[in-house]
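Protein chains in written order, with the UniProt record's numbering: chain A, 1 to 332; chain B, 1 to 262; chain C, 1 to 261.
Because the hints were derived from the structure by calculation, they are not lab data.
Hints may be right or wrong, so weigh each one.
[Unchecked claim] Among chain B residues calculated to face chain C with C-beta under 10 Å, some are:
| no. | residue |
| --- | --- |
| 1 | 31 |
| 2 | 34 |
| 3 | 38 |
| 4 | 86 |
| 5 | 87 |
| 6 | 91 |
| 7 | 170 |
| 8 | 174 |
[Claimed, not checked] Anything over 10 Å on all C-beta distances counts as not near chain B; from chain C, calculated:
| no. | residue |
| --- | --- |
| 9 | 14 |
| 10 | 37 |
| 11 | 41 |
| 12 | 49 |
| 13 | 132 |
| 14 | 229 |
A virtual CB, placed ideally from N, CA and C, is assigned to each residue, including glycine.
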Amino acid sequence: MGRSGTPPAMIEAVDVAKSFTLRRRAGRGPRRVRTTLSAVDGVSFTVGRGEFVGYLGPNGAGKSTTIKMLTGILTPSSGTLRVCGMDPSRERTALARRIGVVFGQRTTLWWDLPLRDSLTLIRRLYRVEASAHRRRLAELTALLELEPFLDTPVRQLSLGQRMRGDLAAALLHGPELLVLDEPTIGLDVVSKATVRGFLERLNAERGTTILLTTHDLGDIERLCRRVLIVDHGRLAFDGDLARLRQAVAADRMLVVELARPGPPVELDGIEVVRTEGPRQWLRLPRAANAAAVVAGLAERYEISDIALREADIEEVLAGLYRGDHAYTPTPP
Amino acid sequence: MGVFPWVTWFAFRRHTAYPLGSAAEALTNTVFGFIRASVLIGLWRARPHLGGYDQADAVTFCFLTQALIGPVQIFGGMELTQRIRSGDVAIDLYRPAGLQGWWLADDLGRAAGSLALRGGPPMVAGALVFPFHWPGPGGLAAFAAALALGVLVSFGLRYLMALAVFWLHDDRGLNAVALVMSLFFSGMIVPLVAFPGTLGTVARALPWAAQIQVPADVFLGKHSGAGLAGALAFQAMWAAALIGAGHLLTRAARRRLVIHGG
Amino acid sequence: MYALLAWTWTRAAAQYPVSMLLLSLATAVVGALDAVGIMLLFAHTPRIAGFTAAEVLFLYGTSALAFGISDILLGGAERLGQHVREGTLDALLVRPVSPLVQIATEDFSPRRFGKLLPAALVLGLALPRLDAPWTAGRVAMVPLMVACGTVIFAGLWVLAASLQFVLVDSHGATKSLTYGGAFLTQYPLTLFARDFVRGVTFAVPLAFVNWQPSLYVLDRPDPLGLPDAARFAAPAVAAVVCAVAAVAWRTGLRHYRSTGS
């Protein structure tokens, strides 16, 4: 699986699967039936050192389960998994020293302690040397702008501040791999920008490998050079964003500004999806020749402006999740 | 119909939503019942008619009080405390329904749910193993009234404790004191009838006696006629005093919230 | 590691010294209630189930001291079910230290020591009032039984926590084992039905926390008629309880990591 000529992979997953047994009440009465739920169903991928990978998928697709297996919280039902060359579930504590984990939905900090004390506890947990701790703390404090709220109890922090604190906590021991589960969820625009900027620098300057799950497409467009998409527990795509757009053959959008407002324009092979005064949005199938369409429009209508837009990543993903586009994963 | 019956009903549903957790609590209540009953039997063997109780009375008292731990919430606490600490209480205060009435309705639902799920097991288990003292239908009706008043007194006390969080930064010390008073003076450690001399007299006049000891005495048929009326009046007096104090404190809290913004 | 974490938490708590002192005192008073209860019982009679006030207070002191120390060390583990329910256990599992140590030290505060105060005080007052045939062996048995009792209770805390991996809502019931055990061992077992005493001797070995060793210290006959060796079996029993607790914890953790609860 590993690419030849590169150092050993950070994450190697081969046919990893996880299924849960659920006991559910069958109708009325105390009788319960067991059903098996397959959360992750044979996923294989490799993440090399220094990569920045986005791990996407609709809710319930198996993202969190994968993250939990990668970090050793859950034991896979089958398949083999190596993270930093270790088996996460067997060598959980040894692995914990080499990776950092952030859960966006819940903090790993201690609710009642000031952030500074939380970070001291982290230092104890990971047995970070005092001098190394001081150096990294100073660095992280500057980069994440922690100074103003270092002495505030975590429960009083805003979500953005808390996330920055969580990031610092996950990085104090200098991990090689950072795993983030929805790190920007619920953050405002400024906080998101701070977090993204920080992660970008961390990856570029430190070479820290980063794997993040997100629903925020801004995260993906800004950060992820590579995207993995899971759906129904299976890997649906592995590649970069440009290839993703191509692969799902998403439609493009032609925005036309007419000289004056009028009825929707008519032209073979296109469809007007929206009108707003003189402006009209035209869906352009991937197969259509944009130049020909523009020429055809110009012949019939008086046009003052025109713009061609690539499909939004959001639409691409929505289409993929809905199963609009027939797509078979191609080997990376 | 006003909103309060609905508050009560939803609270009842909420507190009966996890029967397994309640069953687990009831199991522990029962185990403690057995330990306490055995200890009291030891004492009543040495002093057969202590405090006007016979051995069956003492044992019944034991399991009854274990059954009432949940409904009367003898260990204290109220969800309102959390809402005050987090500031969510501002939402409650701006509702068109009174804060105290709302939480009283909620607490009654909680007590009923707790009685339904946690009341039975200790009583049944105790009655199966030891000689027990059951009241007649009249006694049962009187007990229902005494229990309802006991819940009101318990609410009155806990509501005052909860509102104190408006003024205190750290209420854990206050809670600890409240817990000591509640456990000791309600008769959970030793029945108040076994408190010697002046200590007993004082303990029986305090509001905590109205929570557990009085309902238990009514259950055991220790009061009748004017005595029963007096016991219920004693409970009602404490309930009215505590809820009245809660009403005044609510007004003060509302003023404080308006002026200081929480 | 445990000490380091506990110390860090203590320092955090020490930022509010007045509050901490008051809380320690309050904890002490709550702990003293049971002793007050025992004294109230003995206000009416010199002996209960054949035991004097000093003897019962001796049992209370040894039991409360052992339970108090075990509570300081591992009592926090009873919150395991809460961590599982709220999903916060995951955050503990991504750290390189046993989740048991992390949960046990969480919110560690000197106020927990408040519980030891009434226990030590009562034990100190009861010991000289005992009518025991003091020998070197009997004197040595007192600290030994507190130590063994501590270990047995520590095992019970871990057992109770392990159960919560599988039965998340069982916290209410496991309190029977821990707090119930602590309450039970404050009294002479002669108060209880014979089958019940067999249960807490052979099934849940609470009788070895302080009862069996006390029979030796006070030179009393065993109501169950067990051989004298039982009076010295506490260390062995403590070792067995710990072994069982360790296996239960590992099993529980494995169960969690394969089901995700």
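Verification of the supplied hints:
1. Taken as an interface hint, residue 31 of chain B checks out: its beta carbon lies about 4 Å from the nearest beta carbon of chain C, inside 10 Å.
2. Interface hint status for residue 34 of chain B: upheld, as the beta-carbon distance to the closest one in chain C is roughly 7 Å, under 10 Å.
3. Proximity of residue 38 of chain B to chain C holds as hinted, the smallest CB-CB distance being about 5 Å (cut-off 10 Å).
4. This hint is violated: residue 86 of chain B has a C-beta 16 Å from the nearest C-beta of chain C, more than the 10 Å allowed.
5. At its closest, the beta carbon of residue 87 of chain B sits 21 Å from a beta carbon of chain C; the interface hint therefore is violated under the 10 Å criterion.
6. The interface hint given for residue 91 of chain B is violated, since its Cβ lies 23 Å from the closest Cβ of chain C, which is over the 10 Å cut-off.
7. Because the smallest distance between the Cβ of residue 170 of chain B and any Cβ of chain C comes to about 5 Å, under 10 Å, the interface hint for this residue holds.
8. A distance limit of 10 Å between C-beta atoms decides the matter here; for residue 174 of chain B the minimum to chain C is near 9 Å, and the interface restraint holds.
9. Chain B leaves residue 14 of chain C outside its interface by the beta-carbon criterion, the shortest separation being 14 Å against a cut-off of 10 Å.
10. Remark: the non-interface label on residue 37 of chain C conflicts with the geometry, its nearest Cβ contact in chain B lying 4 Å away (cut-off 10 Å).
11. Not every C-beta of chain B lies more than 10 Å from that of residue 41 of chain C, the closest at about 5 Å, which undercuts listing it as non-interface.
12. In this structure residue 49 of chain C is not separated from chain B by more than 10 Å, as the shortest Cβ-Cβ distance comes to only about 5 Å.
13. Every C-beta of chain B lies more than 10 Å from that of residue 132 of chain C, the closest at about 21 Å, which supports listing it as non-interface.
14. Its beta-carbon lying about 27 Å from the closest one in chain B, residue 229 of chain C satisfies the requirement of being farther than 10 Å from that chain.
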